[in-house]
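There are 2 protein chains.
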Amino acid sequence: MEEKMSDKVLLAHGSGGRLSHDLIAGHLMPHLKNPILNRMDDSATFGLNCRVAFTTDSYVIKPVFFPGGDIGRLAVCGTINDLATSGAEAKYLSLALIIEEGFPIGDLERIVSSISTTAAEAGVVVVTGDTKVVDHGSADGIFINTSGIGVIPEGVDISGSGAKEGDRIIVTGTIGDHGIAVMAQREGLKFSVPVESDCAPLNCLVSDILGVSANIHSLRDPTRGGLATTLNELASQSGVGIQIYEDRIPVKDGVRGMCEILGFDPLYVANEGKMVIIAAPGDADNILDALHKNKYGKDATVIGEVTSKHKGRVVLKTALGASRILDMLTGDLLPRIC
Amino acid sequence: MEEKMSDKVLLAHGSGGRLSHDLIAGHLMPHLKNPILNRMDDSATFGLNCRVAFTTDSYVIKPVFFPGGDIGRLAVCGTINDLATSGAEAKYLSLALIIEEGFPIGDLERIVSSISTTAAEAGVVVVTGDTKVVDHGSADGIFINTSGIGVIPEGVDISGSGAKEGDRIIVTGTIGDHGIAVMAQREGLKFSVPVESDCAPLNCLVSDILGVSANIHSLRDPTRGGLATTLNELASQSGVGIQIYEDRIPVKDGVRGMCEILGFDPLYVANEGKMVIIAAPGDADNILDALHKNKYGKDATVIGEVTSKHKGRVVLKTALGASRILDMLTGDLLPRIC
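Residue numbers (this note's numbering), protein chains in the order written: chain A, 1254 to 1591; chain U, 1254 to 1591.
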């Protein structure tokens, strides 16, 4: 099929003038329309009477389409999940696009359609947005920023600084899926059993566990830097030690195999649909029961506990019974993974 | 002076691991610290009990430093001003950086320091953030996204769809300063009297006029696409005609001269510290008095009125008495101006 100029994003689509309006009205709004966004004012307005969570993330993942997701689904899930780490239910998203001149409008629509589908799945609405276009060579395809506002239910107070001695550490499923799926796609590697990104919105999962436990102390999604880096952040913020057990950490065979071949440690590989939960030991069974009923938590398991020893550090008990300190990720394992 | 690796942003600074933490703790937090951000959770939390405005903008301006401002000041002002168009007082900002590998850390600190100074001037706080690094050649220096949450005072209801027949159209100062200042810097052009960007936070200015008039119907900052495009948006959203008078529109001599040489029309050149105000005719004098007392409104003037004729269109009465239709900007006058 012949490629036409009209199939590509042009610099003038970012001018703020007629072509910007045409791009937004013709290709973005059909996917995103809702009563707040439809007003097309420079800011969205709505009422709030509660404690809220507010977060932002830019997404620069390469490639933009990968097994199990795309940059659009990722941009919705990542921000929803950051809100969920405060126990907040995501309500309102902003969407800001930086597009390289020449980017195919068909790919743009595919991404925005995925944003729409994922937002609908999670029950959030895109209420405000921005589109910039930069000259060819000044960006790599498309970068997306989403910011989000979520509502924190009455009585919920969850923070990375809330972990207490004796708390159990739960991970909601297998680790490393996202990073390995993206890396394999990027490098053209093949699996015997394909690994898909776990990219998913976890607001309902978090809502489910808040319904069965009032003693959830910390939540964090182990994205860049993987499970090991996230646990280090939590140990440091809470001023506690963390001990985890290698043989309890769920890892898919395909991910483990690819990590062995490439010399990666799955503990440092990014996830986009998993949550680390730190909660009082007496509530662990109830939380696991609730998780197992949700499709995004069926492989959830307790992987360790919070200790008063080695404060600020994470210790891994290996399958052979040895202990080793797990540090944060140093250097960059997989750039542009989110 | 010898250039060291440690003076540059590295890909690993975006890993989410140790180097990311070092960059944030060593170079960003010293400028931005505040009680909410200091918690270093994945989302900021705070209470709200009001009608709020929410907006987002990405900034891709080239060059990042220009006469009268920089990308950091712009990223704070642009988002504050978008909130102000709803009559909202900006309170909370997010800050998301996409940095090209190799970007000088000194420039990054200069930008973040400017963000801090501008936020302090405007009385807003950066409460959540994100830092991504992409490989050399995959972005052009630095792109910044800010999203903002503002509080709308009781009883205020301002929208681009609120303009009514007979309303006066006020512009808060000279037009085209930002676009011409940036273009001159980019192209190495010299003025006899230098033109500086008007980049400024207008939240106090808007608060001042809300204090003297309950009949402000529409506000919009004429950024990309300039005054002409903004007036077209307002005419279209409100379903009214707009008539403005060429000889009443304030333009600096330097801007006019540069526009004449280059064949630009200042009506289409971007502003970053100006507001278009549409208000009931009886309140125009009070509004002008309030504007003239604020340093960002001293050149404010009435440039026209809302009419029931030529609905959805903007008509310019020229200095010679002729009428011509002012359309939205078509094509791209000055790319990457914000």
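Treat each hint with caution, since some may be false.
Since the list can't tell identical chains apart, any single copy or any two copies may satisfy a pair.
The calculated lysine-lysine pairs, modelled on DSSO-like cross-linking and capped at a C-alpha distance of 30 Å, are [claimed, not checked]:
hint: 1; residue 1: K1286; residue 2: K1551
hint: 2; residue 1: K1562; residue 2: K1315
hint: 3; residue 1: K1286; residue 2: K1417
hint: 4; residue 1: K1315; residue 2: K1261
hint: 5; residue 1: K1261; residue 2: K1570
Think of the hints as simulated: they come from the structure by calculation, not from any bench.
For each hint, the structure was consulted:
1. K1286 with K1551: Neither way: K1286 and K1551 sit 34 Å apart in one copy and 39 Å across, limit 30 Å.
2. K1562 with K1315: neither (40 Å within a copy, 51 Å between copies)
3. K1286 with K1417: Close across copies (26 Å), not inside one copy (44 Å); limit 30 Å.
4. K1315 with K1261: So K1315 and K1261 pass the 30 Å test inside a copy (19 Å) and across (23 Å) alike.
5. K1261 with K1570: Neither: 53 Å inside a chain and 38 Å across chains, both beyond 30 Å.
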